Amino acid sequence: MRYGKWIAVVGAVLGLAGGAAADETCQSPFLPKLVGQEDFIYVWTLGIEGLGDGSDKLVTVGANPARKDYGKVVSSVSVGGRHEAHHSGFTDDRRFLWAGGLDDSQIYIFDVASDPAKPKLVKHITDFKEKTGGVVGPHSFYALPGVMMISALSNSDNTGKTALVEYNNNGEFIRTIWLPKDAPYGYDARINATLNRMLTSSFTGRDNYMRPLPELLGDAEAMKNFGDTMVVWDYHTRTPLQTLKVPGAPLEIRWAINPNHHYAFTSAALTSKLWGIFRKDDGTFEAVELSDIGDPSKTPLPVDMSLSGDDRFLFVSSFFDGTVRVFNVSNPRKPYLAYERIIGRRVNMVSQSWDGKRVYFTASLLANWDENTEADGQYLKAFDWDRSKLEPRFELDFRALELGRPHIMQFGKIDFYGPQGAGAE
Amino acid sequence: MRAGRAAGLLAIAVALGSSPARAQSFYDAPAPGSYALPVIDSVEEHTLLAHDGKPAPLLGLGERQIAVVSFIYRSCSDANGCPLALMRLQTLDRELAKQPELAGRVRLVTASFDPKRDTPERMAELRGHMSPKSDWRFLTAASRRELAPVLTDYGQDVAKVIDPSGNETEVLRHVLKVFLIDGEGRVRNIYSNGFLDTRLVLADIRTLLFP
Numbered sequence: 001m002r003y004g005k006w007i008a009v010v011g012a013v014l015g016l017a018g019g020a021a022a023d024e025t026c027q028s029p030f031l032p033k034l035v036g037q038e039d040f041i042y043v044w045t046l047g048i049e050g051l052g053d054g055s056d057k058l059v060t061v062g063a064n065p066a067r068k069d070y071g072k073v074v075s076s077v078s079v080g081g082r083h084e085a086h087h088s089g090f091t092d093d094r095r096f097l098w099a100g101g102l103d104d105s106q107i108y109i110f111d112v113a114s115d116p117a118k119p120k121l122v123k124h125i126t127d128f129k130e131k132t133g134g135v136v137g138p139h140s141f142y143a144l145p146g147v148m149m150i151s152a153l154s155n156s157d158n159t160g161k162t163a164l165v166e167y168n169n170n171g172e173f174i175r176t177i178w179l180p181k182d183a184p185y186g187y188d189a190r191i192n193a194t195l196n197r198m199l200t201s202s203f204t205g206r207d208n209y210m211r212p213l214p215e216l217l218g219d220a221e222a223m224k225n226f227g228d229t230m231v232v233w234d235y236h237t238r239t240p241l242q243t244l245k246v247p248g249a250p251l252e253i254r255w256a257i258n259p260n261h262h263y264a265f266t267s268a269a270l271t272s273k274l275w276g277i278f279r280k281d282d283g284t285f286e287a288v289e290l291s292d293i294g295d296p297s298k299t300p301l302p303v304d305m306s307l308s309g310d311d312r313f314l315f316v317s318s319f320f321d322g323t324v325r326v327f328n329v330s331n332p333r334k335p336y337l338a339y340e341r342i343i344g345r346r347v348n349m350v351s352q353s354w355d356g357k358r359v360y361f362t363a364s365l366l367a368n369w370d371e372n373t374e375a376d377g378q379y380l381k382a383f384d385w386d387r388s389k390l391e392p393r394f395e396l397d398f399r400a401l402e403l404g405r406p407h408i409m410q411f412g413k414i415d416f417y418g419p420q421g422a423g424a425e
Numbered sequence: 426m427r428a429g430r431a432a433g434l435l436a437i438a439v440a441l442g443s444s445p446a447r448a449q450s451f452y453d454a455p456a457p458g459s460y461a462l463p464v465i466d467s468v469e470e471h472t473l474l475a476h477d478g479k480p481a482p483l484l485g486l487g488e489r490q491i492a493v494v495s496f497i498y499r500s501c502s503d504a505n506g507c508p509l510a511l512m513r514l515q516t517l518d519r520e521l522a523k524q525p526e527l528a529g530r531v532r533l534v535t536a537s538f539d540p541k542r543d544t545p546e547r548m549a550e551l552r553g554h555m556s557p558k559s560d561w562r563f564l565t566a567a568s569r570r571e572l573a574p575v576l577t578d579y580g581q582d583v584a585k586v587i588d589p590s591g592n593e594t595e596v597l598r599h600v601l602k603v604f605l606i607d608g609e610g611r612v613r614n615i616y617s618n619g620f621l622d623t624r625l626v627l628a629d630i631r632t633l634l635f636p
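Line order of the protein sequences matches chains A and B.
For the first sequence, my numbering assigns the number 1 to the initial residue and increments by one for each residue that follows.
For the second sequence, my numbering assigns the number 426 to the initial residue and increments by one for each residue that follows.
So that you can see chain A by itself, here it is in the shape it has in the complex:
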């Protein structure tokens, strides 16, 4: 066998764990990436009372046009009950997918390696609040070497003070790191290994995120309880170094992927602003307001972002206007709107493939923030992206399929998982 060929094959499957990161482009830098065609999308889905089995579930959708299951539901694993299914993340070897519930802080661990078409629930963590010393609302699941780091949203008082929590890959608790007093709210956590820096962002506590949205919006006092900070950390020591002011609940964080690009983006949900977090020459960071996202006076509520692997296009999805806006961020301090499209009545998550050719969207944000009507459009939609426009490929109606509300998407691939074990006998 020619070795050069296999260097290419291995590279095509793995990506560079230390160099480029992605949605596939926004994954942890410690996670091997799927850089080719994904076979499956794992959709962590909220149950809807009275619909199907009514339970939260992990739904596997075929995503490879070369397979017969393209655009179809391949399998579904219910976890029993509704827990406000929200985000998920792979372990550092990509063999297990952790998924959390924001309401009762349940965590479910799925084996996606043994049969990538049919994930299997292998562990259920029920004592997150007790083990962590009162942290609730496990949000982002982010792989570190041998460790799963979880950024949470709240605490046992249901306010916004919260923490980062670490478990080992066996599901055993390691430690809790509370966010600093001047920036107690939490949401996302993302690491730049080149800089040994971690950024965290800030949302709101359980009192707010579990409340019906119209009621919340009418409560001026409650609306004060949202985060307006980001924290720069020394990743290796988990030490907070700097608190940055970013008004209006900065949510998702996307570090630039090129290791020579020392900046990140975030979107502030309540103010509808795009922000850049830039490393300065002295090694500290500054937060810079870059652009409006839609018309802030209409509160589009930008909720998710996806940065292309070449650091050129930033997809920003806005919940209330159901629109994705694609900013050209080639000059990160001077982004401009390059494209926009209404995806649905509402849109939440946006995920793109490593090569940026395929982009997927889901509709659901939070059970009590979604429209609770038959017409709320609980979809997964797949598009092709040719660097200028989106072309529809397939669409699944999760309500018609009696599945629930689709939320975060992760990609899977069958031949990523060869026979496990050491070299040939």
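If you're looking for bench data, these hints aren't it; they were derived computationally from the structure.
Accuracy of the hints is not assured; some may be wrong.
Said to hold, decoys possible - Each computed PhoX-like pair below joins lysine-lysine, with the alpha-carbon atoms no more than 25 Å apart:
| hint | chain 1 | residue 1 | chain 2 | residue 2 |
| --- | --- | --- | --- | --- |
| 1 | B | K541 | A | K120 |
| 2 | B | K585 | A | K118 |
| 3 | B | K479 | B | K558 |
Unchecked claim - With the Cβ distance kept under 10 Å, some of the chain A side facing chain B (calculated, not the full set):
| hint | residue |
| --- | --- |
| 4 | G146 |
| 5 | E166 |
| 6 | N168 |
| 7 | R175 |
| 8 | R197 |
| 9 | T237 |
| 10 | T239 |
| 11 | P240 |
| 12 | E289 |
| 13 | S291 |
| 14 | Y339 |
| 15 | D415 |
What the hints assert, rightly or not - Some chain A residues near chain B, calculated using beta-carbon distances under 7 Å:
| hint | residue |
| --- | --- |
| 16 | P29 |
| 17 | F30 |
| 18 | D92 |
| 19 | N169 |
| 20 | N196 |
| 21 | H236 |
| 22 | G294 |
Remember, predicted model here, so these are calculated numbers, not experimental data.
Quick reminder that beta carbons are idealized off the backbone N, C-alpha and C, glycines included.
On the provided structure of chain A, position chain B as indicated by the hints.
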């Protein structure tokens, strides 16, 4: 896999290791003892084969000793995988040798997860290439069966890459992990691709040895 090509790749790694060209660093290593290294996991003692073919403990630590354990295979072609790990470990070896207060208390262990090809003789050859200056041991296993519980214990994934025709190849997919193990067999840190910085490893070693 062609042995000649593998030897060439290794030679490149070794050459780089003897004169490491460190990429520009954008951060300083932390002060030892200024941060915590909580217990991540614990591992058992295992018996493998030393480079002379004799049984040897994987850790074999004495009182107040720690180990830096890495799993590699000599046929690895991923420049950001095993060759990079060996280069960084050689840098660490040289740093440890220069620091007498550490040299007797830190053991480097490099174990192959490819026992068929990486025989004790091949590990002896690797040892010769790396020319350790500190306590750096090179191990392999008698068979895949004997190695399997070690990999499971450390959570080190290793899988054969499948070719486009669906056939197994001899290329092994793995996530590079280097483990910092204290004298009680507890994992105190794990370094992966992109973050195997010898300055950080040394700071961690001092944090554990001189709390």
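Hints and how they fare:
1. K541/B with K120/A: 32 Å, violated
2. K585/B with K118/A: 21 Å, holds
3. K479/B with K558/B: 21 Å, holds
4. G146: For G146/A, the interface hint holds, since the closest Cβ of chain B sits about 4 Å away, which is under 10 Å.
5. E166: 8 Å, holds
6. N168: It holds, given that the least Cβ distance between N168/A and chain B is near 5 Å, below 10 Å.
7. R175: 5 Å, holds
8. R197: Hint holds; R197/A Cβ to chain B Cβ min 7 Å, cut 10 Å.
9. T237: With a minimum Cβ separation of about 4 Å from chain B (threshold 10 Å), the hint on T237/A holds.
10. T239: 7 Å, holds
11. P240: 12 Å, violated
12. E289: Violated: closest Cβ of chain B sits about 25 Å from E289/A, beyond 10 Å.
13. S291: Where the cut-off is 10 Å and the nearest Cβ of chain B is about 27 Å from S291/A, the hint is violated.
14. Y339: Since chain B brings no Cβ nearer than about 32 Å to Y339/A, farther than 10 Å, the hint is violated.
15. D415: 5 Å, holds
16. P29: 6 Å, holds
17. F30: Holds - the Cβ of F30/A comes within 7 Å of chain B, reaching about 5 Å at its closest.
18. D92: Holds, because the Cβ-Cβ distance from D92/A to chain B comes to roughly 6 Å (cut-off 7 Å).
19. N169: The hint holds - N169/A has a Cβ within 7 Å of chain B, the shortest such distance being about 5 Å.
20. N196: 4 Å, holds
21. H236: At 6 Å from the nearest chain B Cβ, H236/A passes the 7 Å test, so the hint holds.
22. G294: 35 Å, violated
Figure legend: structure checked against the earlier numbered hints; hints not met, in rising order: 1, 11, 12, 13, 14, 22.
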